[in-house]
Amino acid sequence: MAAKNCMCQETGLLVFPCSGSSDVGELSDRIGRTIAKCGQAKMFCLAGIGAHIPGMIESAKAAKKIISIDGCPVSCAKKTLEHVGFKVEAYNLKDLGFEKGKTKVDEDSIKSATSKITGGKIEETITRSSGGCCTN
Amino acid sequence: MKIEILGVGCPKCKQLTANAEAAVKELNIAAEISKITDIDEITEYGVMMTPALAVDGTVVSAGKVLSKDDIKKIISK
Numbered sequence: 018m019a020a021k022n023c024m025c026q027e028t029g030l031l032v033f034p035c036s037g038s039s040d041v042g043e044l045s046d047r048i049g050r051t052i053a054k055c056g057q058a059k060m061f062c063l064a065g066i067g068a069h070i071p072g073m074i075e076s077a078k079a080a081k082k083i084i085s086i087d088g089c090p091v092s093c094a095k096k097t098l099e100h101v102g103f104k105v106e107a108y109n110l111k112d113l114g115f116e117k118g119k120t121k122v123d124e125d126s127i128k129s130a131t132s133k134i135t136g137g138k139i140e141e142t143i144t145r146s147s148g149g150c151c152t153n
Numbered sequence: 015m016k017i018e019i020l021g022v023g024c025p026k027c028k029q030l031t032a033n034a035e036a037a038v039k040e041l042n043i044a045a046e047i048s049k050i051t052d053i054d055e056i057t058e059y060g061v062m063m064t065p066a067l068a069v070d071g072t073v074v075s076a077g078k079v080l081s082k083d084d085i086k087k088i089i090s091k
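Sequence lines, in order, name chains A and B.
Residue numbering for the first sequence follows this note's numbering, starting at 18 and increasing by one per position.
Residue numbering for the second sequence follows this note's numbering, starting at 15 and increasing by one per position.
Possibly wrong hints are sitting among the right ones.
Negatives, chain A to chain B, calculated, CB over 12 Å [as the list claims (entries may be wrong)]:
id, residue
1, Ser-76
2, Gly-114
3, Glu-124
4, Gly-136
Computed list of lysine to aspartate or glutamate pairs in DMTMM-like fashion (alpha-carbon distance at most 20 Å, straight line) [to be verified]:
id, chain 1, residue 1, chain 2, residue 2
5, A, Lys-59, B, Glu-58
6, A, Lys-78, B, Asp-84
7, B, Lys-78, A, Glu-27
8, A, Lys-54, A, Glu-27
9, A, Lys-78, B, Glu-58
10, B, Lys-16, B, Asp-52
11, B, Lys-16, B, Asp-70
12, B, Lys-86, B, Glu-40
13, B, Lys-16, B, Asp-83
14, B, Lys-26, A, Glu-124
15, B, Lys-82, B, Glu-46
16, B, Lys-91, B, Asp-52
17, B, Lys-28, A, Glu-27
18, A, Lys-59, B, Asp-54
Derived from the structure by calculation, the hints contain no laboratory data.
The C-beta atom is built at its ideal place from N, Cα and C for all residues, glycine as well.
Model the full assembly from the supplied sequences, consistent with the hints where possible.
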């Protein structure tokens with residue numbers, strides 16, 4: 018049995034949004050946080066990987082699957098992760114219909130983009146949970 | 015050589031500690047093994063998954079219990 022506050026639980030999905038400064042960068046960040054909040058994945062710091070922090074890289078290696086969410090085609094998150102040798106399931110918001118400089122970051126766009134990335138599993142979570150985090 | 019086991023003290027951390035001690039004993043090298051159990055201190059290493067193993071201040075593994083032989087390979091480098 019894990020000790021209190023133990024960080025040794027199995028790591029399934031890790032999500033790395035690019036969290037860039039543009040509207041789509043912000044959207045990627047909000048999507049990552051939404052997915053993490055619903056417990057579908059754990060959100061991780063891309064900056065730690067880019068900075069080659071050994072603890073961060075070794076922690077990410079423990080994941081079963083790594084997802085990158087990039088706001089634009091520059092694909093910084095995907096490339097940063099690949100640069101240190103990770104195999105990544107990559108999503109780009111441009112491919113999902115969100116244009117840099119023309120995207121409003123609001124609940125609708127967050128929900129729509131998150132749904133496209135999770136294949137609708139966010140809605141399933143919302144339906145299953147009553148008063149859970151995803152209904153907020 | 016300084017070997018640190020990072021983890022709050024669950025069975026996985028204890029197993030990793032035991033494996034590290036066995037590895038050091040078999041290699042017959044001078045190594046100081048210590049445990050870091052404070053979460054704030056663990057996260058200062060960038061570790062988000064425990065147990066983790068650090069050698070001379072560098073994290074070489076996180077989120078898994080390395081075997082004695084795995085540890086021997088790492089510290090023999």
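These are the hints, each one checked on the structure:
| no. | hint | verdict |
| --- | --- | --- |
| 1 | Ser-76 | violated (4 Å) |
| 2 | Gly-114 | holds (32 Å) |
| 3 | Glu-124 | holds (28 Å) |
| 4 | Gly-136 | holds (26 Å) |
| 5 | A/Lys-59 <-> B/Glu-58 | holds (18 Å) |
| 6 | A/Lys-78 <-> B/Asp-84 | holds (16 Å) |
| 7 | B/Lys-78 <-> A/Glu-27 | holds (9 Å) |
| 8 | A/Lys-54 <-> A/Glu-27 | holds (17 Å) |
| 9 | A/Lys-78 <-> B/Glu-58 | holds (18 Å) |
| 10 | B/Lys-16 <-> B/Asp-52 | holds (18 Å) |
| 11 | B/Lys-16 <-> B/Asp-70 | holds (5 Å) |
| 12 | B/Lys-86 <-> B/Glu-40 | holds (8 Å) |
| 13 | B/Lys-16 <-> B/Asp-83 | holds (18 Å) |
| 14 | B/Lys-26 <-> A/Glu-124 | violated (41 Å) |
| 15 | B/Lys-82 <-> B/Glu-46 | holds (16 Å) |
| 16 | B/Lys-91 <-> B/Asp-52 | violated (28 Å) |
| 17 | B/Lys-28 <-> A/Glu-27 | holds (17 Å) |
| 18 | A/Lys-59 <-> B/Asp-54 | holds (19 Å) |
In terms of the numbered hints stated before, the structure departs from hints 1, 14, 16, listed from lowest to highest.
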